[in-house]
Amino acid sequence: MTLRKLLMKGSIIVLAIALSMSMKSANAQALNVAGSTFVYPIMNKWIQRYHELHPGVSINYQAIGSGAGIAQYKSGTVDFGASDVPLTNKELGTMPRPTLNILDVSGAIVLCYNVRGIGPGLHISGPVIADIYLGKITKWNDPAIKKLNPYLNLPDEPIRVMHRSDASGTSYIFTSYLASVSKAWKDGPGVGKSPNWPVGIGAQGNPGVAGLIHHAQGSFGYIELAYALQNHMPAAVVENRSGNFVAASIQSTAFAVNSAVRKMEKDIRVSIVNGPGVNTYPICGFSYLIVPKYPTNVTHGRAMLNFLKWTMTDEAQRMAADLLYAPLPESIRKINLRAIDSIKVR
Amino acid sequence: MIEQNSNQNPVTQNLPKPLKTAGFAEFGDSLFRVISTLFALSSLFLIGWIGVILYQQSALTRHLFGWSILTGRTWDTLHHVIGALPFIYGTFVSSTIALILAVPIGICAAIFLSELAPAWLASPLSFLIELLAAIPSVIYGLWGVLFLCPWLNNNVYQWLNNNFGNIPLFSNYGGYPSTMLAAGIILAIMILPFITSVSREVIRSVSQAQREAALGLGATRWEMIRNVVLKAAKSGITGAVILALGRAIGETMAVVMVIGNNTMMSASLLQPGYTMPALLANEFNEAWTSKLHTSALLEIAFILFVITFIINALARILILLTSRNSNYASAEPGKAAAMDTLRDILAKFGRWLMIVVIIGFVAWQIIGDLRSESFRGLLHPTEIIVYLYLATRFVTRITRGTGNWKRWRKINNGFVQILLGLCTFLACFILAILLYVVAVQGIQYLHPSIFIHDELDGGMSNGIIGTLVLVGIASAIGIPLGLIGGIYLSEYGAGRFGNVLRFSADVLNGIPSVVIGMFVYAAVVLKTNHFSAMAGGLALGIMMIPTIVRTTEEILRLTPYSLREGSLGLGATKFRTIRSIIVPAAKGGIVTGVMLALARVIGETAPLLFTAFGNEMVTYKLNSQISSLTMLIYRFAMDSDVTKNGMAWTGSLILITIVLVISLLARLFSRSRYSMH
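Heads up: the protein sequence lines correspond to chains E and Z, in order. Taking our numbering, the leading residue of the first sequence gets 441, the next gets one more, and so forth. Taking our numbering, the leading residue of the second sequence gets 31, the next gets one more, and so forth.
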């Protein structure tokens, strides 16, 4: 009996504390955002920094994948979404409210591996990557890989192919690269956020794929550069359109971005995979924010507007560079600011 | 006419007037009856609603693909090709592996614990196994992906491939740590405690006189167990196995983390696969951009709903019509006999199927070995197992009826007893490893700061508080509905109507949580346009109802009938009797039921993914997104960051501690009078 009474009292006290705490947190602005895991590392840093600058605003970013971000934005469950694939005009038409694509960051997708005795610097080419993902190349010591790496002692082990199991903008950028270098891929699985993968095992989000690569010997998979950096994983050096082998970096990504600036002045929705240039890294992409043109919730809308403007400042872009996302060129930031200014909060 | 003039009767005039409240009390009685009927109807209503919503919302794919969705092998939403066969196949294969592994070990352990083990060993071990049945599935998944899969990949797969590679099940090793076999093993470990504890209960209820009679006739212990105990407990054990199958089929989190999520549909168990619940967990949140994709996923959920509905209904009918002491109103003998035959046919079919499959595979392996290594191939493990089996059969045949027969039976008896002990040891050993790994890994990051900081600052407070909020909402929904529903079933639900409600509560209990999550997403989240703690709490609350209904009913039935009679005889109304006499008398047991339900939902992950969605910060608002400890464990487990993995272990340690403490408290409360067993 006494135990029961004690429990009763305990639960009442817990409830009281919970209630008092809920009063305290009631006046903060909480924005809900969902989408791409590609931008999650930088988004996470931005949100923390922005919260330090503006303690009244907190942003809850759920990294659930681009497809999910768009879906949740469409069903109105989040204030704005984040996607590595911009909405096409047709998709914009199907949205329940006027919507803008706002360019966010650009980044590179790297091919990471976990092979005994092989450090960073494995050379690889587009067609070979495609063949691995098509299941045509299955061993690490396949002649095609050996030919590119004559000095490496490649083991006679199966290649464990990793991919995303959720709908992902990273997958979209990656498959559009594969389609640009391999006809078999273009005619087969095709370009999409969740294609029908011929081989390999799937995991949720960039962190999930990075986790699989980390845990499995002989693994090979594509992730955003920041994740490779965070986890100290070796990334392959990829052959670009001019036949040079280029490692992913801010600079080699920036070359890809700069080659597309002219086109982007007309429309920011461009693909920069397999871009021209001697030192251009071939697997790059942009990430976009999917935002409402006329936010219905005034306070949330205003908070969102200020946050978006802040992401275009030098400080925010420098933070991006720390995580190896290429900072946006001045001209593109101007285009973005114009788009952000067109958002009307009533 | 005389009655009407009774006011003039001097005798009645002197009597005190009947209390005016009597009319009100009667009204209160019928009001309570109506309300409790409504509450008790909630299970039936929910099952119907879930079915209707899932059926309606998947009309598009049914219209476009019809039945071909069940046979299509390609799932390519990009090119609008919808085929669910790989998921159906994966679901059945992984559950079958789980049954093949868990059923023999689980039943052997149950036999050992109830028949052979001394009391000082049996009671702590069975207590341990019962507690383990309450461990949340996401922890099995975490253990699977970070511990079991790498271990299997380093030690087991290659060996299986080398020694049994001629059988297609173990051919074609792809080198992936996440495989169909891993999913099967994890499921087996999950359902093992369930099978053991239910079978143990059934075996214990076999009457002692039967055992004594068999032993008195000269049977050895094993012969007594096989011919008497197991025969008597057959239907109960069959029911337990089918219920376990239902759990395995609907399991989401443990499977999605270890199966590899690939639609290739390989015959080899050493290749990745995919299951229906895993598909829902992976693709639920992006599907809503495309109507076709949405509809396809809801159809998968509907298929899952139908399959688990049938399995649970079958299991319940089997248990219900063959057991004498259930709360269901007793069945007609004719039906029971029909059910007995049905069960026997099922059992016979299962046995023959197994024999054919085993002979087929063994023959395949031997032929393959002969081909590759000629007669030296006859010295591999498969062949050695076959030799041993044939040898025992041979000895049985030649000794039967001779002087050595008795000795051989004794050897058999000893051998089987050792085997049963080993099975128990194996079951406890696996589960002990699980607990050990969680404790050792979890303690590394166990630090006060993870309770204080939220995810953005490297803590888990958003998850811990989220779990408390969600469970609070779930209790507010589930406990009243469950309690009053249970009271109705025990006090009013004697007839056929009561049986229907009982049955629907049992079936609702077996509907996979992922299906309930999909249902709440479609019914609430899409309607209100946002994820919320309310939606998550609702999903959990729905899951609490059946557990509480059934335990409350069971416990109220255990209160002596004389208490009711005494109270009614003193003039109390029925409502008053229930409120002041029966419920207080059964309080301990009721609290136990509530706590068991709490322990169950506190570890749920899958339905929260679609409803509460997650939040990186602490929140107490009921209409905002919210995180939970289980969702954090899932996300951290699948991360590449070693610190995050470590925090997943710590989260698991906290969660296991909470669940175990609740289970222990439940036991404590059930010690009081009129408790359950």
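Heads up, some of the hints might be wrong.
What the hints assert, rightly or not - Under 10 Å between C-beta atoms, here's a sample of chain E residues computed to sit facing chain Z:
{"hint": "1", "residue": "N484"}
{"hint": "2", "residue": "Q502"}
{"hint": "3", "residue": "V631"}
{"hint": "4", "residue": "P674"}
{"hint": "5", "residue": "N698"}
{"hint": "6", "residue": "A700"}
{"hint": "7", "residue": "V701"}
{"hint": "8", "residue": "R702"}
{"hint": "9", "residue": "M752"}
{"hint": "10", "residue": "S771"}
Claimed, not checked - Here are the computed lysine-lysine pairs in the DSS-like style, where the Cα-Cα straight-line distance is at most 25 Å:
{"hint": "11", "chain 1": "Z", "residue 1": "K557", "chain 2": "E", "residue 2": "K485"}
{"hint": "12", "chain 1": "E", "residue 1": "K530", "chain 2": "Z", "residue 2": "K674"}
{"hint": "13", "chain 1": "E", "residue 1": "K784", "chain 2": "E", "residue 2": "K774"}
{"hint": "14", "chain 1": "E", "residue 1": "K733", "chain 2": "Z", "residue 2": "K674"}
Don't read these hints as lab results, they were simulated from the structure. Just so you know, even glycine gets a beta-carbon here, dropped at the ideal spot from N, CA and C.
Structure-based check of each hint:
The interface hint given for E:N484 is met, as the beta carbon of that residue sits about 7 Å from the closest beta carbon of chain Z, less than 10 Å. Annotation: E:Q502 was flagged as interfacial toward chain Z, and the flag holds, the nearest CB pair being 5 Å apart, inside 10 Å. Look at E:V631: its Cβ gets to within about 8 Å of chain Z, closer than 10 Å, so that hint holds up. Interface restraint check: E:P674 against chain Z, minimum CB-CB distance 13 Å, threshold 10 Å, status violated.
Annotation: E:N698 was flagged as interfacial toward chain Z, and the flag is violated, the nearest CB pair being 31 Å apart, outside 10 Å. The restraint placing E:A700 at the interface with chain Z is violated, with a minimum CB-CB distance near 25 Å, outside the 10 Å limit. The criterion of a C-beta within 10 Å of any C-beta in chain Z is not met by E:V701, whose closest approach is roughly 30 Å, and the hint is violated. Because the closest C-beta pair between E:R702 and chain Z is about 31 Å apart, greater than 10 Å, the hint is violated.
Annotation: E:M752 was flagged as interfacial toward chain Z, and the flag is violated, the nearest CB pair being 22 Å apart, outside 10 Å. A cut of 10 Å between beta carbons decides the hint on E:S771: the least distance to chain Z is about 31 Å, and the hint is violated. Restraint check: the Cα-Cα separation between Z:K557 and E:K485 comes to about 33 Å, which exceeds 25 Å; the hinted pair is violated. Our distance criterion of 25 Å between C-alpha atoms is broken by E:K530 and Z:K674, whose separation comes to about 40 Å.
For the hint linking E:K784 to E:K774, the alpha-carbon distance of about 18 Å falls within 25 Å, and the restraint holds. Restraint check for E:K733 and Z:K674: the C-alpha separation of about 37 Å exceeds 25 Å, so the hint is violated.
In this structure, the hints that do not hold are numbers 4, 5, 6, 7, 8, 9, 10, 11, 12, 14, in rising order.
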